[in-house]
Amino acid sequence: MLNRLITALSLALLCADLAARGVYQQPQDFLSDTFEGGVPEAAVIWLTGARKQVVTELLGHSYTSLRVRYWARDQRSAWVLEEIGKEQPITVGLVISQGQLERIKVLEFRESRGWEVRHSFFTDQFRNARLDKGRNLDRDIDGISGATLSVRAMKKLAALALYLDGELRAQDVQASP
Amino acid sequence: MSRRHHRKQRFKLRSLYVWHRYMGLSAALVATLVAATGILLNHTEDFDFDSRHVQADWILDWYGIEPPADLLSFPLADRHVTLMGEHLYLDRKEIEGEYRDLVGAVLMGDIFVVAISNSILLLTPRGELIERLQGEDGVPAGMKRIGTDAEGALVVQGSHVLYRTDKDFLHWRHADSPASSIRWARPGALKPQLQSTLQQHFRGEVLPIERLILDLHSGRFFGKLGPWVVDAAAVLITLLALSGTWIWLKRRR
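Chains U and G, in that order, are what the protein sequence lines are. Numbers given in our numbering equal positions in the first sequence, counted from 1, plus 1. Numbers given in our numbering equal positions in the second sequence, counted from 1, plus 21.
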């Protein structure tokens, strides 16, 4: 009896773990959902010089790559960014419209815990968020018990996307450093 | 109580005391090792023992850690892109991540383009990752080799046809150039000194300090008998505590 109970509990834990990890949406599908009438051509923004320094301050470390891809049309830009929650990167799609966060969505979650950040009750808090002068989100985001690191990663990526979108609007971004 | 009985009790106590002393001496070395490693294990994160690695050759030899025999390198000007096991290097600089299936590497201006693990890495001369291009970015599946065409553009041979990118590596299209006109990346020999350095580096990235401390703590570091010795020491320490308490109680009387 005890053995069966242990086996059932182990299976339940394993299922919960497997359910947490997964691809929720392919980046291409996220972009298709975002832009009606076809996805615009991809462009890149380089994270070099002062921009690299700001990104490092926002994330607490440098971004994984020196250039980031984005898709933009009519004052809207879409980003597919990654940030490590605890040990694995979380892939997140973000849409910025006129300096405000229009949409944030977890595309792929690889950690075994903290997957609750993919739910709309959490991501809806970011709607219309902006960056204040100190480059912080202009609102408090309620955390999720047991998902502290994933929440932190989501907040960092929201701030990063808003900052990069601001850079696009502030100047003509060169395609090379 | 008779005099004889009293003498017998004293003899028993002295005998227990002698046993207590020998048990203490026998367990002392192992107990010290277990205590010291236990303290260190309690502070693994404080001292980064989980992310730092053992570099001492004799310990790595003791564990039988050897660099992998499979090594593939692509010479580019005076630089080398090398895959050793799952570690990718630009000269001596290790590129973060785990990799497999190095297809090729070419130098385009000052960007090192490396086709590996079904993706294409763009690296600066310092080994910083500019971008990792994957299937969703247009990288063809089943890459067989990479090279540059007469115009200096990147060309990749996919499963069936050739593909070419623009200068920013953003857009892919079928390449018109015949395969014979492409300068394909070719593997080459690694300089013995660089090979030796990479092998040494590889060995020094395998064994975390935490694992060594754990093995010392459990006795596994010393082979199959090690855990039994630690178990025996644990039993002795338990007996030591009991005999010490017994002696103390007897002396009080």
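Hints are supplied without guarantee of correctness; some may be wrong.
[As the list claims (entries may be wrong)] Residues on chain U that point at chain G, a partial pick, calculated with CB under 7 Å:
no., residue
1, Q26
2, P28
3, Q29
4, A43
5, R68
Simulated from the structure, these hints should not be mistaken for lab results. Even glycine gets a Cβ: it sits at the ideal position worked out from N, Cα and C.
With a cut-off of 7 Å, does the beta carbon of U/Q26 approach a beta carbon of chain G closely enough for the hint to hold?
-> 12 Å, violated
Identify whether the interface hint at U/P28 stands, where standing means a beta carbon of chain G within less than 7 Å of its own.
-> Holds - the Cβ of U/P28 comes within 7 Å of chain G, reaching about 5 Å at its closest.
How about U/A43: closest beta carbon in chain G under 7 Å, or not?
-> Result: holds, 5 Å to nearest chain G Cβ.
Minimum Cβ distance from U/R68 to chain G below 7 Å?
-> It holds, given that the least Cβ distance between U/R68 and chain G is near 5 Å, below 7 Å.
Cut-off 7 Å, beta-carbon criterion: hint that U/Q29 touches chain G = Status holds, d = 6 Å.
Checked against the numbered hints given earlier, this structure breaks only hint 1.
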